[in-house]
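Chemist: Residue-level listing of the chains:
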Amino acid sequence: MLQIIKNECRYLVRSRIFIGISIAFIAILLLSVFLGNYQTQKQEQTYKNAKEHVRQQWVSIDEMNSHSAAHYGTYVFKPSNLLSSLDEGVNNVTGNVLRVEGHVQNEIIHSEASQMQAVSRFGKLKPSLLLQYIVPLVLVFLAFNSVSSEKQSGRLKLLVLQGAKPIQIILSKTISVWLYSVLLLIFILLIYGILNFQSLTPEILTRTLLFFLSYCSYYFIISGLTIFFSARWQNATLALTSMLGIWIIWTLFLPNILMSSAEQWHALPSRNEFQSAMKEDRSKGLDGHNPADKRGLALKEKVLKEYGVDSLSQLPINFDGMRMQADEEYGNSVWDKHFGNNRDILQKQKQKFQLGGIVNPFISLQNTSMGFMGSDNLHHQEFLLQVEHYRRVFIKMLNDQQTFGGSKTGDWGWKEDNAFFKSVPDFKYKPTQISTVISNYILDVFLLILWSILIIVLIVCGTKKIQIV
Amino acid sequence: MRHLNIFLYEFKHFVRSPFKIIALLLFIIASVYGLHNGADLYEKQNAEVERIYKEAETKKETILSYFENNEKGPKNRPWIDVTTPFWAIWNTPTYHFKKPSPAIVYNIGQTEQYGFYKAINTYSSPYDADMAKEIANPERIQSGTLDFAFAVLFLLPLLLLILTYNIKGQEAEQGFLPLVFTQTGSKNWWMLSRTAFYIILLLFVLLGLLLYGAMLTNVFETSSVFWSVFIWVTIYLIFWVIIYFLIIKYGKNTVSNTLQMVGVWLLFSFIVPAAIQQWVSIEKPTNLMVDIIDAKRDKTDEIYEQASDLSDKQLFNLYPNLKQTKVASDTILIKGARRRSLIALINIAMKNATTKVEKDNRSKNELIAKTYWFNPLTYFQNKLNHLSETHYDDYQTYRNDIQNLVDKRIEILVYELWNDVTVDKIKYLEYNKTLKK
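Line order of the protein sequences matches chains A and B.
For what it's worth, our numbering labels the leading residue of the first sequence as 1, then goes sequentially.
For what it's worth, our numbering labels the leading residue of the second sequence as 1001, then goes sequentially.
Keep in mind the hints are simulated off the structure, nothing from the lab.
There may be inaccurate statements among the hints.
[What the hints assert, rightly or not] Lysine-lysine pairs mimicking DSS-like chemistry, simulated, CA-CA at most 27 angstroms apart: (1) Lys284/A - Lys1059/B; (2) Lys300/A - Lys1075/B; (3) Lys1436/B - Lys279/A; (4) Lys1044/B - Lys352/A; (5) Lys294/A - Lys1313/B; (6) Lys1370/B - Lys42/A; (7) Lys1044/B - Lys279/A; (8) Lys48/A - Lys1359/B; (9) Lys1335/B - Lys51/A; (10) Lys1284/B - Lys337/A; (11) Lys302/A - Lys1299/B; (12) Lys1072/B - Lys294/A; (13) Lys279/A - Lys1099/B; (14) Lys294/A - Lys1059/B; (15) Lys1072/B - Lys279/A; (16) Lys42/A - Lys1359/B; (17) Lys415/A - Lys1370/B; (18) Lys1359/B - Lys51/A; (19) Lys428/A - Lys1284/B; (20) Lys51/A - Lys1299/B; (21) Lys1060/B - Lys51/A; (22) Lys1299/B - Lys48/A; (23) Lys1059/B - Lys279/A; (24) Lys294/A - Lys1060/B; (25) Lys284/A - Lys1075/B; (26) Lys1044/B - Lys348/A; (27) Lys279/A - Lys1054/B; (28) Lys284/A - Lys1072/B; (29) Lys1351/B - Lys48/A; (30) Lys279/A - Lys1356/B; (31) Lys1351/B - Lys51/A; (32) Lys1099/B - Lys415/A; (33) Lys337/A - Lys1072/B; (34) Lys284/A - Lys1054/B; (35) Lys1284/B - Lys42/A; (36) Lys48/A - Lys1356/B; (37) Lys48/A - Lys1284/B.
Start from the sequences and build out the full structure, keeping to the hints where you can.
Modeler: Right, here's the structure in full:
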């Protein structure tokens, strides 16, 4: 079998068309890696400049009332991820700027896609675009007549007469075509590794390895299926058109249709409905800016009792800050409920979509590719959660300063000095570790393995009775 | 007559090719599915617009009830006084909508990148957080919606490929091409007649699909959009026919022709647009809106802290008639009016910042437009986006309209404040009427 694989590889290498296509294709792949990397670096620079600018504004506040500072707020920008130069995932359509301020949890806005007219329906020229859409087609073109041409030339019969079993020949052909795609993958990842050598971490290497394995598995499915069709059908054109049909259904039809269906099965609220519901729930809580608010008055009574005083002026603290924090905490619980509900819906949509991998391994590949490169919706949601946690710490710090920083209730003219503002920490994004989210991709990985096994079974069982002439 | 025979022969060939019929049926199914996706979005957006209208009406009724009951506002918010222009205008619910065009049934375009309704107040800007797109799964938006335009732009060339890939190649492989040429006389006319059959077949299918779409959203209500879409779809079809015809004409066999056709399709559908998008992102990285952030915070603070004389001067430059108002000569009243009018100066600062952002976006669009001559898919996609009013430019017009409404609202507020107007029910209804326009 090893000899057949070697022969197949030699045969491929001797083909001028194959060499020509390979050189052109490798050039495009290289271009995609370089451009992807360069674009990520440029975006990273823009991100750093914006982040530094906003931080500089914050630490330059000479003096300001801490609640005014909560309204002044700050901004968090979505950082670009080194891995996203391989697969950009949802980054093009999600926003990039999030305002962090008191009383309100803002939405992330200003996506890249909204800043220009439509260009590409399949995203930028990143390696993932070529690896997901084009490499499988190249494999189909390489494999569609590999068995049928052997039948027509009589070489298959000769090989069988020499003692080779049809199953060995077909498996060897599958492996040789598959090896070509594996080599392409290794080549791309090596170049990517060399370009980013100084930034490589065990986390990046683990994610890249998982990315590599997912693609290897998918390419095996494509190579095996094409060789199987080539073996089963006398006509090479029929094998080619069948595989093209499968490619169209898998990559263009089903992902779109299944994702849209999942969104309909588990519908998200409209933005207006969502905001109205949040506003409604929030109105049931404490209003930090309204001293006459009933719940505010109840809190006041409680605090006066705790401190054993009769009026706010006797309090050693600033009750306004305490009321603001109570307002925040109520608002946080409202956010947790509504955004939690949205996250649950998104997760249900994702789970349904992942099941689509049963009929379409491309869906599993897309999920793992985006997921392992940290650019899927799950990672985006993790980023949003981190920002919200930061917002809570940020606002609490300002409210606590108002409460315990030395001012008295009603003293809105009290201002904190620059040292305090410098002491407020900046937002630091902690990239999500693959070990914490890997469970979300188990189903996709399992389906890719299952498909690979299915292809082996198909080849073993389906080629027993193939016509060798 | 000879050409008609070739044409009819091709019909026989087509009906005897189950593979081609299945491909055509799949295209029709995908297109119908896409048309329904467009129609659903049309219905959904209209229903949402209707719901928000009703919500605004309810709010308006609540404010009117304050006037009728001689109240100044909600009891739990004593600082609100709807008889003052500031609070009356603040509580005039005004929404601006980007109502979907019926032609959205054919092409969703960039609709899902943007919001389509906006609550307008004096502090609004076209780049506010509530201009964000509808809540949706980003993975779905990223993979795109299978609309009719997707079927036309990406699947129609594939369908044409399946229908025409074996023209000439099959005859050449079977060795009777010289015989065919002898019998038909002209090689080109023989190929053209065969191809013409598929052009006519596809034009009928496309027309049928467009008519079906028109029934879903009353496209005919919108002047000539139906025929414009049909013309552009036809031009697009002809574009691919020419490419494939040249491949068939100069090709040697079926497999080689198929590979070349698929190669060209991949180049125009995937590689060229993706490379252009990558290039534009490198040339013009995503704008993180720092200018707007600066205007919103630092510039606003500056305006609030600047000297009264300077504020007056800037306000009088902006609205020259303010000088003649009642409040302008009242040293007490002017303080409150001036402070509440500063929003007009902030609005100017915000407009200056958004102008920079828009200039940046415009330059990105110009870069993209420069590539149209070798990036036909993007060209046709944006043509369809214009027709269905879902192009970036349509949303820019929507943003401009929002800015105009904000400008108008601020101007009315400033004049009302400086004329020390007291608002009653009639005046409030007048605000509602004027600010909606």
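Chemist: Checked against the structure, which of the hints given earlier come out wrong?
Modeler: Hints 5, 9, 10, 11, 17, 21, 30, 32 and 33 contradicted; others consistent.
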